[in-house]
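Place chain B on chain A using the hints.
Which chain is which? The protein sequence lines are A and B, in order.
Heads up, the first sequence is in our numbering, so the first residue is 1 and it goes up one at a time.
Heads up, the second sequence is in our numbering, so the first residue is 1 and it goes up one at a time.
There's no promise every hint is true.
It does not matter which identical chain is meant; a pair holds if it fits inside one copy or across any two.
Claimed, not checked - Here are the simulated EDC-like cross-link-like pairs (lysine to aspartate or glutamate), alpha carbons at most 20 Å apart as the crow flies:
| id | residue 1 | residue 2 |
| --- | --- | --- |
| 1 | K545 | E25 |
| 2 | K377 | E51 |
| 3 | K75 | E539 |
| 4 | K377 | E59 |
| 5 | K141 | D151 |
| 6 | K517 | E539 |
| 7 | K35 | E108 |
| 8 | K377 | D56 |
| 9 | K254 | D133 |
No lab work stands behind these hints, which were simulated from the structure alone.
Please read these numbers as outputs of a predicted model, since none were measured by experiment.
2 protein chains.
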Amino acid sequence: MGKKIVVIGGVACGPKAACRAKRLEPSAEVLILEKGSEISYGACGLPFYLEGEVEDLKELTATPVGVVRDPKFFKAVKGVDVLLNTEATAIDRERRIVVARNTQDGSEQTFPYDRLVIATGSSPVRPPIPGIDREGIFCLKTLQDGKRIKDALQNGKGKSAVIVGAGLIGMECLEPLLKAGFKVHLVEKLPYVLPALIDEEMAAHLMKHIESKGVVLHCGQGVTEFQGDTRVTKVITEKEEIDADLVLLAIGFKPNTELARDAGLETGPMGIKVDAYMRTSDPDIYAGGDCVESYNIVTGKPIYAPLGSTANKHGRIIGNNLAGWQSRFPGVTGTGICNVMGLNVARTGLTEREARLEGIHTVTSLCPGPDKPHYMKGAKLIHLKLVAERYSGRLLGVQIVGPGEALSRVDTVAAILKSGGSVDDCFETDMAYAPPYTNAIDNLIVAANVIQNKMDGVIRSYSPVEVKEKLDRGEDFIFLDVRTPKEFEQMRLPYENVIHLPLGMVRQKALELPKEKEIICLCKVSLRGYEAAKILEGEGFPREKIRLLDGGLLGWPYEKVVA
Amino acid sequence: MGKKIVVIGGVACGPKAACRAKRLEPSAEVLILEKGSEISYGACGLPFYLEGEVEDLKELTATPVGVVRDPKFFKAVKGVDVLLNTEATAIDRERRIVVARNTQDGSEQTFPYDRLVIATGSSPVRPPIPGIDREGIFCLKTLQDGKRIKDALQNGKGKSAVIVGAGLIGMECLEPLLKAGFKVHLVEKLPYVLPALIDEEMAAHLMKHIESKGVVLHCGQGVTEFQGDTRVTKVITEKEEIDADLVLLAIGFKPNTELARDAGLETGPMGIKVDAYMRTSDPDIYAGGDCVESYNIVTGKPIYAPLGSTANKHGRIIGNNLAGWQSRFPGVTGTGICNVMGLNVARTGLTEREARLEGIHTVTSLCPGPDKPHYMKGAKLIHLKLVAERYSGRLLGVQIVGPGEALSRVDTVAAILKSGGSVDDCFETDMAYAPPYTNAIDNLIVAANVIQNKMDGVIRSYSPVEVKEKLDRGEDFIFLDVRTPKEFEQMRLPYENVIHLPLGMVRQKALELPKEKEIICLCKVSLRGYEAAKILEGEGFPREKIRLLDGGLLGWPYEKVVA
Chain A
1 MGKKIVVIGG VACGPKAACR AKRLEPSAEV LILEKGSEIS YGACGLPFYL EGEVEDLKEL
61 TATPVGVVRD PKFFKAVKGV DVLLNTEATA IDRERRIVVA RNTQDGSEQT FPYDRLVIAT
121 GSSPVRPPIP GIDREGIFCL KTLQDGKRIK DALQNGKGKS AVIVGAGLIG MECLEPLLKA
181 GFKVHLVEKL PYVLPALIDE EMAAHLMKHI ESKGVVLHCG QGVTEFQGDT RVTKVITEKE
241 EIDADLVLLA IGFKPNTELA RDAGLETGPM GIKVDAYMRT SDPDIYAGGD CVESYNIVTG
301 KPIYAPLGST ANKHGRIIGN NLAGWQSRFP GVTGTGICNV MGLNVARTGL TEREARLEGI
361 HTVTSLCPGP DKPHYMKGAK LIHLKLVAER YSGRLLGVQI VGPGEALSRV DTVAAILKSG
421 GSVDDCFETD MAYAPPYTNA IDNLIVAANV IQNKMDGVIR SYSPVEVKEK LDRGEDFIFL
481 DVRTPKEFEQ MRLPYENVIH LPLGMVRQKA LELPKEKEII CLCKVSLRGY EAAKILEGEG
541 FPREKIRLLD GGLLGWPYEK VVA
Chain B
1 MGKKIVVIGG VACGPKAACR AKRLEPSAEV LILEKGSEIS YGACGLPFYL EGEVEDLKEL
61 TATPVGVVRD PKFFKAVKGV DVLLNTEATA IDRERRIVVA RNTQDGSEQT FPYDRLVIAT
121 GSSPVRPPIP GIDREGIFCL KTLQDGKRIK DALQNGKGKS AVIVGAGLIG MECLEPLLKA
181 GFKVHLVEKL PYVLPALIDE EMAAHLMKHI ESKGVVLHCG QGVTEFQGDT RVTKVITEKE
241 EIDADLVLLA IGFKPNTELA RDAGLETGPM GIKVDAYMRT SDPDIYAGGD CVESYNIVTG
301 KPIYAPLGST ANKHGRIIGN NLAGWQSRFP GVTGTGICNV MGLNVARTGL TEREARLEGI
361 HTVTSLCPGP DKPHYMKGAK LIHLKLVAER YSGRLLGVQI VGPGEALSRV DTVAAILKSG
421 GSVDDCFETD MAYAPPYTNA IDNLIVAANV IQNKMDGVIR SYSPVEVKEK LDRGEDFIFL
481 DVRTPKEFEQ MRLPYENVIH LPLGMVRQKA LELPKEKEII CLCKVSLRGY EAAKILEGEG
541 FPREKIRLLD GGLLGWPYEK VVA
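The following block holds chain A by itself, in its conformation from the complex:
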């Protein structure tokens, strides 16, 4: 008789762990208990099913060659038993038994185990807001959720939809709701969208974009009530009342830890506690996927990072260890990517805000620019923000927002973060270059160079946020805009303290500028602004008075005058 392995949960980590263990140890008896009626489905595809990119919900449960992953498939192909509609209700660790309930007939059954895997996943956060159980209020987590919302989209024309929460799911669902004809409102408690993913000035570009597509933003206000008789008709926030025919609750997910906690396993608000071997506090019980606390390689601290990619990695590691290997998983770097109505938004590591909350002294660069050479017709803008440790130059993270290519830059930084690399490693990485793809001096290289320059004392700059604060405080300084007259005419900062002096004339007219005032140089992206700053320094202006505006006018997320 082989080892008895019971796996609780059949979406990503569970089946992966089960099948891997069975492959490595064919004599093992492996059983998966899944409370739902589907196994091993691509839940991440749900927003794209709503939007139409995925045609049929069935494709989310099929293998790439169209075979549906059902219990019969698992038995025949994987040699793994699967019980659907079977919800584990208790773990008796002393007797090594899982108690489970059939969700259809309510009958109870027990399953003995030698090794147990908990992969119970996560649930949508549903805060106790009055009226939250009204009809017409949806979450998006299961295939059933997907089907229900898809049905509700049929009659969207002229109606009002409110998405509560501007996280990944909320942002991904903007497009399907708009496409269905809804007037779409997005309510977010924090002052900007995707606050867990990107910094405020990066989010500002995204907010402009979705507003231009017709989304009505309601940031900085929490929901206090859902009104309506049986059906929701209004969403009440701390500041407004919004008509609502449909509400999508997308406040986030929380790990399903009850079963583990009730069994006396160590858990926390970010999930079941596991070590690098994905072992819980009971060495015969493993856990992985959305129900566990992850480890952030960058901070060395726990993080909650539920993601299909990580869940699958957990599954492989658990499978190895079930078979008696000693496999470790080092953690994640908090990478995330999403497409928001044609805009790519990606990040890995820490944002500036997150780094500061950790007490880390940061140095950042803000680099807007085309994703490939400007002379290529297909070039598209990306805003790239790189964050590093101020003293060591160790890379902390990157954020990218824009219609241009983001994936390769974020993955490159993820790989560097994994090895604990610095901005020097970023500069030195031999990234692929050819005009149809990237720049000879890639945006990421530029960003690394800017940070190197700041660390070396070659550049002194302010971020847009810092400059905005100076403006708000009414400080006395000068903006020196060194773009061409044509560029200046088309778009400029709307402030009285702007002096326009094309870069080609800075050298000769430098002495006409006041030496006693602080001068903040800028151009479109601040590369020419940088040249101007160096010219002024060369002309004897006091270095401490000369600054650069990070990201230039293109990176400026606040008011601009546009011709």
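Below, chain B alone, put in the same frame as chain A:
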């Protein structure tokens, strides 16, 4: 008086070094000598000018905001002097003087220096083939070359063009020539295309693709003569005669080292020798860009890797050192990418062939698959080949060919190679995941897992090349194709020793298979083939007789029967 810095060469590395030095040390007098009539242009954009993606040649010499980079611009903005049409003919190291000739009036001038930078670039390889100087034979290197070829494209309809050399430039020029109406022939001395970039079985996919677009391939044959009166009319190879109205010589580039060599500096066939500080054998003379020998981080050996991205990095490092810093450049990993008529081709590190030539024992994986979840309409195929050291698992390189996304995967590996990482690092890198972009288990993760499995002894496999050799030797073995009947009907291997047994039936029918013969399991991509192999092992088949076909039917680059 500041330090006198003379820079020879004004395309990429030279201007970058000059401007960087001037910014860091404003008192320096910086002079660029350029033999041509343009400075700082984007030569890499030339194929895309021919193809029409770049509309005007002028865009290649302009800054992103349309300012033309001419000597006036350099003087006004950068504070750097530029002399065009000024060819350095000798370096007198004792007197620290550069001798230069005006290419227009032939006059000679001398320029004293304290520090010198050699950035003389590269020249197209022009072997002494009879007739190579006939009219109608072009190289593509300078803006003038670009203009001349563009003119020649005007009357392409019904004519015959021969590209000699299937390297990067040759492959990038297929599309513009076809678009112009030419019948296009591609002649390559080696047996397959892009031999310096990818392995044979990866090139096979690319060759099929370009043949399907109408390109006539002539691989494994060198050119012996160009025939014609004054104008070329025929290209004679070792095996064929090809009509030719236009010939594009694209055999490669060689470093321009004569000036350095004549001045007694150390040079070699791969360029001027420099140390990590980009210093030549004379510590007052730096060199960078296409004229120097690079250093390959993966092999620890010299490499010739001329690329605009590297040249710019060299320029920055040289600029730093000119200003008295101590900046090092660690070398490259040999990354390259190109778009060949809609197919992405990318590589970094070493190919399997290159690694073997270095005497390194390799382990590889061959993973064809969609670049994002199969359920997304936009998913496209990529073939990914990962190469690692057999014993340590240290990553050696990756190659990608296909219509799907290649850039992010190649950059990720480039970053891992930079840090000397292993296939474990590859698996553990927190690559971005969301269905519009990538797979939950990314192609690169799958490839790393396959190599881990091979190293762990979980998978034993043959590459397509090895299996083809077994077939050619007439060895007695069985192919076990475990795909669905429908898939098998649509496409299969054309050999008599193929047994078809859908995966779902392998467990029950295993005992009908012969135990004494070697069985090579396969499916579409060999993931199900892997399951089948594990099932057979579980059923007691001798492990040494069970193998997997790397890459499955999709990765099989040889004959197939298609319904």
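Hints, one by one, checked against the model:
| no. | hint | verdict |
| --- | --- | --- |
| 1 | K545 x E25 | between (69 Å within a copy, 19 Å between copies) |
| 2 | K377 x E51 | between (29 Å within a copy, 12 Å between copies) |
| 3 | K75 x E539 | between (78 Å within a copy, 15 Å between copies) |
| 4 | K377 x E59 | between (36 Å within a copy, 11 Å between copies) |
| 5 | K141 x D151 | within (15 Å within a copy, 59 Å between copies) |
| 6 | K517 x E539 | within (15 Å within a copy, 83 Å between copies) |
| 7 | K35 x E108 | within (13 Å within a copy, 87 Å between copies) |
| 8 | K377 x D56 | between (35 Å within a copy, 11 Å between copies) |
| 9 | K254 x D133 | within (18 Å within a copy, 72 Å between copies) |
Going through the hint list in order, the structure satisfies each hint without exception.
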